[in-house]
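Input sequences plus hints: build the corresponding full structure.
Read in order, the letters of the sequence shown correspond to residues -29 to -1, 1 to 880 in mature numbering (1 follows the signal peptide of the UniProt record, and there is no 0).
Treat the hints as calculated values from the structure; they're not laboratory data.
Think of the CB as a built atom: it goes at the ideal place given N, C-alpha and C, for glycine as much as any other residue.
Some hints could be false.
Taking lysine-lysine and the DSS-like style, the derived pairs with C-alpha atoms no more than 27 Å apart in a straight line are [to be verified]:
no., residue 1, residue 2
1, K367, K107
2, K147, K107
3, K84, K107
4, K28, K303
5, K72, K112
6, K107, K161
7, K28, K86
8, K86, K367
9, K161, K219
10, K258, K161
11, K253, K112
So the derived label-pair ranges between C-beta atoms look like this [as the list claims (entries may be wrong)]:
no., residue 1, residue 2, range
12, R416, H76, 39 to 49 Å
13, E83, P402, 31 to 41 Å
14, K72, Q215, 27 to 37 Å
15, L584, D610, 16 to 26 Å
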Amino acid sequence: MAVTQRLRNGSRRALLCFVLVVAWEAASGQIHYSIPEEMQKGSFVGNLAKDLGLDLKQLSDHGVRIVSRGRFQYFAMNVENGYLYTAENLDREQICAPEEKCLLHFEVLIEEKAKLFTVEVEITDINDHAPTFQHKMTELKINEFAPVGTRFSLQEAQDPDVGINSIQSYHLSNHKHFSLDMQTGAEGDKYPELLLETPLDREEQNVHDLILTATDGGDPVRSGTAQIRILVLDANDNAPIFTQPIYKVTVLENAPAGTLLLTVNATDADEGINSDVEYSFKKIKEKASQIFRIDPRTGEIATAAPLDYEEAALHELEIQAKDLGDLTGRCKVLVTVVDVNDNAPQITVPSLFSPISENTPPGTVVALLNIQDRDSGEKGEVTCSVPANLPFRLQKSLDNYYSLVTERPLDRELVSGYNVTITATDRGNPPLSSSTTVSVQISDRNDNAPIFSQKSYTSYVRENNPRGALVCQVRASDPDWGENARVTYSLLLPLLPGGEGSESPVSSSISIHSESGAVYALRSFDYEQLRELRFQVQAQDGGSPPLSTNVSVTLWILDQNDNSPEILYPASRSDGSTGVELAPRSSEPGYLVTKVVAVDADSGQNAWLSYQLLKATEPGLFRVGLQSGEIRTARSVLDKDALKQSLVVLVKDNGQPPLSASVSVTVVLADSLPQILSELSSLSASAAAAAGGGGGAEPQPGLTLYLGIAVASVSGLFFSFLLGLLALRLRRWRNSPLLESGASGNFSGVPVSQFVGIDGVRAFLHSYSQEASLTAGSRKSQILFPVVSCTNTLTAQQAPEKPAPPFICDDSNMSKSEEISNQVRERAKVSALVGLQSKRDGETKGGGLCLMTLSFWDMVTRTLVHNISKGYPVTINCSFSVGEETLGGNIVPEARMGFPIWSTKLPPN
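Here it is as structure tokens:
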């Protein structure tokens, strides 16, 4: 124990003073170190970072680590300083016995560069073991008649050290009968023998005790001893002799335990019991003693445990044959183990780079593999493979190392991860194989833009919707993962022209939820103002840089019946009255009295209008056209029928629920103006008399007189005013330059354009009506001016503030297919003169005067506007043909609206 402690202390001192380290980097990338055994765990081996040419920062950045070839990790590296240290206590005899030279190999892996360096560390022997004998006490039986010079085999000492540290010499304690003689074997090994120097005398001394000492050559010197006891026997003078000095046998490594290998044989020339031979192992290693056994009687050598070629390919056994007189003979047995393919390849994965980005180029290293087969020859040659349907391949890198690299581009959206099975197969017969699975995950990159579920979206919402109502929802998906697949929605809003900061109507009408894609209404829509809304939605992912996709959305506003019909004619004045229509008492059934004109701002069925007579003074006298709104006489006027007829016309649309409007129409039944005035005066007097008296009471004479005088005075004043106004209008018309240029000589009088009668009645002797045709759904002011046609319709219209110049024509000669073409400048006022036209029929002596004014009707704003935008004279061509309305010669859908034009017949010259 003291010797061992001194040896260790000496080793430490020697290590501190000088560490035998030899390091170099060969062209193949190999680094060599040499250190003594028995170094404690954590002992310095070498500066690995310096020998690899890496600084400390690169050491941590490049991911440098140690990959061991064997099952044990004997070395470790400090990444902070780059030093190589021992990870375990190194015992050369335990690691490398029985080899004389102990070499340990491992690889240094630089993960970032996927580069390997082979490091070789030689463990040099130190004298840390003393020689030992298997048996501390050995007995030898020697016949007293043994001749001088007889040799006796002695047991050899064992020393696991090698070289100079192994056994160098034997010493025998001083004895007068015996000495020690060293012999050399066939392979140069030395062993001790006991030499008889002088004859023995059993009677003098029958037991002799000797001490055999074995000494190594280390520093300090170590030794071991064994006691030899010699028993002096009677004569046995022949030693056993083997039939051959060396026996050789070959056995397969997969031979089962108990397999007979061979039988050794030795003979003894003595007779009797002195010729009986006993066999035993003379010299055998500890591991071999567990594998082989020998029959002491027969000399049969058999296996006691399974063989392993990879552990030892050759076993050397020394056999001893001894007779009963302790005379021995010896031989060697060489057992050669034949390798069989009993080891499948072993696959280890020292380094795995996962996950990898889907945009990595082909040839990128995914993992490093170490594949070994402990068998020899072809049985140890390995081929590796991966499934052909995977985008990976194996690439040989260094010795038994392979790199798993990508073979083609990866797409995470198709496959997010791979389980790569690596199979290694040797070339044995039959071949053995093993496999391992490497899980490779694919990390995402933002290479896919969001995809909408539809190419475009169309949605419908009814007008008058509540604010905040959901009108539609768009959906987009992104095949990427994580933040790259998070989709947000936004509106793409075009700006209105007209200056900086103009707000888009889309942004004030709708909004979109950024996460769900739900589109909400910010206001209540009005179909009459907005029928459709077109906008774009952008879906953008959360990648860097972000990708986006746009989709078009059309929002249709559906009409509701939210507008009542609006009556255009007869128009109500500020006091609520509509004026008076005139019909002759001689009218036949079907006579057109007037026409109620109404429009509805809704569309479709909601704008279909129907007319009905709701109330009448004489229920059977008048009828109203259901679709046309024309008020006609249903029968002839009777004498008993009142002069003033009050009608209430109801206009109703076709919506659900239907909406309606009503208008009161007053019709005066008279054939001439005096009749109208006289009858109205009498009616007024009767009304006044009725108002002044009670039921059944006699009217007061004074009140009646005063009432008659008042009515007569008012009637006279009004009639005088009417005649004066008519004369003034006639004089102005005669002085008109247009009349002089367009109709000179054709007219001899000035027509009365309109008369204001009692109670605001506007009476005309004759009336002409014109049909204005509008394109259905038109939002621009476009109106057709067909040729004037004369009818017997008496209509009423509020007089303009300033009368328009007359448009003169001879209606007797004007064809319904002729075209009127005139010019008007832009921004002409309502009722501005359009043109003057005059024709005369040779057979007709009468003349006609027609008044036509320029007006455009806007269906949206329901106001009279002009639709001329250019700054120079524009020619407006208006045409008319029976049964159809045309605009520029093209047939268009009809939407008729009565538009009256008045004319007064003049007496012939």
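So which hints don't hold here, by number, going up?
-> Numbers 1, 3, 4 and 5, in rising order.
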